[in-house]
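Trainee: What follows is each chain in one-letter form.
There are 2 protein chains.
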Amino acid sequence: MSGPQTPEPARRTQGDYPTGTGGEDTADGIQHSQRMLSFSDALLSIIATVMILPVTHTEISPEQFDKSIQRLLATRIAVYLMTFLIVTVAWAAHTRLFQVVGKIDDTLALLNLACMMTITFLPFTFSLMVTFPEVPLGIFLFCMCVIAIGAVQALIVVYAFHFPHLLNPQIESSTHRTLYRQHILGIVLRGPALCFAAAASSLFFYPQEGGSYLLMATVIFLPYVSKACSWCKGRLVGPQEPPAHSVEFFTFDLHEPLSKERVEAFSDGVYAIVATLLILDICEDNIPDSKDVKEKFHGSLVAALSVYGPHFLAYFGSFATVGLLWFAHHSLFLHIRKATQSMGLLNTLSLAFVGGLPLAYQQTSAFAQQPHDELESVRVSCAIIFFASIFQFAIWTTALLHEEETLQPSARFGGREHAFMFAKLALYPCASLLAFASTCFLSRFSTAIFHLTQIAVPFGFLLLRLLVRLALALLRALRGLPLPAPGGQDDMRSPLLPSP
Amino acid sequence: MSGPQTPEPARRTQGDYPTGTGGEDTADGIQHSQRMLSFSDALLSIIATVMILPVTHTEISPEQFDKSIQRLLATRIAVYLMTFLIVTVAWAAHTRLFQVVGKIDDTLALLNLACMMTITFLPFTFSLMVTFPEVPLGIFLFCMCVIAIGAVQALIVVYAFHFPHLLNPQIESSTHRTLYRQHILGIVLRGPALCFAAAASSLFFYPQEGGSYLLMATVIFLPYVSKACSWCKGRLVGPQEPPAHSVEFFTFDLHEPLSKERVEAFSDGVYAIVATLLILDICEDNIPDSKDVKEKFHGSLVAALSVYGPHFLAYFGSFATVGLLWFAHHSLFLHIRKATQSMGLLNTLSLAFVGGLPLAYQQTSAFAQQPHDELESVRVSCAIIFFASIFQFAIWTTALLHEEETLQPSARFGGREHAFMFAKLALYPCASLLAFASTCFLSRFSTAIFHLTQIAVPFGFLLLRLLVRLALALLRALRGLPLPAPGGQDDMRSPLLPSP
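These protein sequence lines are chains Z and L, in that order. Per numbering that gives the first Met the number 0, residue 0 is the first one in the first sequence, and the count goes up by one each step. Per numbering that gives the first Met the number 0, residue 0 is the first one in the second sequence, and the count goes up by one each step.
Honestly, the hints are just simulated from the structure, not real lab data. Worth double-checking, as some hints may not be accurate.
[Unchecked claim] DSS-like cross-link-like pairs, simulated, lysine-lysine; straight-line CA separation at most 27 angstroms:
#1 L/K66 x Z/K293
#2 Z/K295 x L/K295
#3 Z/K66 x L/K290
#4 Z/K290 x L/K66
#5 Z/K66 x L/K295
Model, not experiment: these values are computed from the prediction.
Isolated chain Z, as found in the complex (with noise of 0.2 angstroms):
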């Protein structure tokens, strides 16, 4: 642990950030949008997200486990879905559309706002549209409210290009100011022309049950299908004139990626509502009555809680899982210097699991007394910790195909951290498959072990730290490889910064 002490001032005062909000003209009103972006973020992750709330208070008890039940869950976990892949393709749409404008005003701010306001009435639309999927009112508010989002983002579009002070710098001194307008108004307009001819059509007929999620897939994949057509249409007819391509070029081009700042700060407020909600259910449900610890414990208030003990269990285990995913990520996106469409929509996936973690929970937590389902619950846990960690190492794997573009030198093949980043990133999918292997064939096994398993997992990020630098150093010793320069990645530092 010797590594070259740069001396810049690591405190983070108002100073540190050229580009912050600290010694800025803000006496014409004109700001920067760090602040607004990132309120943004907090706003969309937690919307994201906080439709499992509905998922994990679906009171199961086995005894009445029936259709209804079933179909009600069923519904729920649609929706939840359905919430978190629009509200991020709504994220994205923002993000792209704050790489055009890139300071505020106040009347920016509040159409932000609306805008923030009728992104949160969606989920709302959705309960609408699966609890009712004949009557085709949910589609309609649906289309409503992309409608009105588009009309606004419209609106922010048309107010920026007005005052072009507000706008990015490299699109303030460009020329094709006004093409640039039309093709970004076009982008920002067409999902919301699409979702009109929906809400026309669903007024004069009834659509079938299936058509609703087609539209919601249309719309989610829109960006994905648009890039698919440009292509073949580029194979087809030859490559476009010049001029348009410098338009893509800037922001709404799908290779262009994603801000990675704004990538991390939608994966924490995720991560950070996740770990909230568990003790959210922890403060409501388990705290005993007056009356029933007065007649059952004789007034033992520690008897009464003993009882709650594997629930305190599967608390632990469950903000050490997610707290650990989160380390994970946070690993990751060190190493990583751009986010790229692919590892972006990876990265969604991965939080979408992130995001049933709090099932997990509630699966373990209510189902542990009952000892035949408690290796199903158990079952469910590794799945969603599986597919949770696998797109996250799947985000590494997809890195590494460009890693020039994608990758600090240190965790490219052959760097310091590389073999490190491989290890972290795969404990956790082998230790989940692991537990579900030994749920098929240890029958002792039990929730207990399970979360005890989880909480010990952190300990097992520290040894292997410790063992991979073991296994490197004697590696490096048998082979008789020199030792990597310390400075070696120092060389590799200018091409990061701003080209002026």
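Starting from the known structure of chain Z, fit chain L onto it as the hints suggest.
Mentor: Just chain L now, kept in the frame of chain Z:
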């Protein structure tokens, strides 16, 4: 709107922040703490606020509003307030700790997660404490948590001082490093030591009901008490010796401002979660049952939903209020250069009332049908909004007392934005007072009118901007004052840059 067009790149790519996570040395596992701190801020703000959910989930029907319900409600409000205050204290301590520790590695990240896990467990101990005031188990668990947090923080300090390249560079290069370590360890362990005494005494004799609250109050106000003590000591004994003063200077002195960025991040988290809790209630409770729709409304979903009309109005009204309170906070902190301790306290109080807004929403929407309770619930809403906004106003007046230090030049007395900031911050206190008064005088005032007013306020903001500009222009024209120079704030910008 023709401000000076600063040509710096506004796109938020990783190259923009020299202290960010972009091009830095991650080869030895040493990382900047920025992202971990944002994650901690998000977690802590959500935990502080989420305990309002049990309060709003308390089912109150006007017929059976008896003593037991009142007591349950009071209990839950107490838990919410205690959680909010304690978590804010823990957050402030965390901020100060990571002003000393400038960089992190994997071990510190894991230790921080352990600290977070212990903090998330605090609300449960409060629930126990308040539900069973006569049993010392709640206090005992609470003290255990505080001791665990203190132990983890002490570990972080010891670890960071053992690898000094993790420290704030100012401390790293100081010659008094061991002195610093002892001093910081003393502060970190002061609260836990107090709690250890309390836990021990709670085992030996049952405390009175007030005892637990006294303990809580001590922990919350410990920084202020110790500040007052040292002030008294200073008065009695005379000024302390200089080396101890220079130790204080760094981070743990109460006059040392909190990190403005982290205050913003914490506040953003609270506003974001409050805005999102509203839609959760809508989605869980306001989806009509399929059977009901068929039987009561003859299959008409629109008719069934129109029963919930007031709820939707209340939702949009509340979202507009939360959004605009965030907007006012955002505008305020744009003009603030430093957040002093007293401003931090006022901010906490304002946020605590913002966290109470879901309660206001539930009050106004649940009682919307009973005419005589309606006015009552509008009054509760007005009171909550009034306190949330008046504390924001108080932050500004406090900042004005030391305007040289704390405010940007444009917001000071006579600055261009001064009058507008005043109007912006005074809008909500005035509007809520007006609404409160009108419930007393106008018998026809209803929740519907109240919510429509809430929705109309954003337009008020825009109107306000216009009116203030007009009024200022008129005043200046009447008095013949010259317009302030557009570049007048530039000469004040250089002192904001970090001194190397």
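Trainee: If a hint holds in the structure, say so; if it doesn't, say that too.
Mentor: Hints, one by one, checked against the model:
| no. | hint | in the structure |
| --- | --- | --- |
| 1 | L/K66 x Z/K293 | holds, 20 angstroms |
| 2 | Z/K295 x L/K295 | violated, 43 angstroms |
| 3 | Z/K66 x L/K290 | holds, 15 angstroms |
| 4 | Z/K290 x L/K66 | holds, 16 angstroms |
| 5 | Z/K66 x L/K295 | holds, 24 angstroms |
This entry does not satisfy hint 2, going by the numbered hints stated previously; all others are met.
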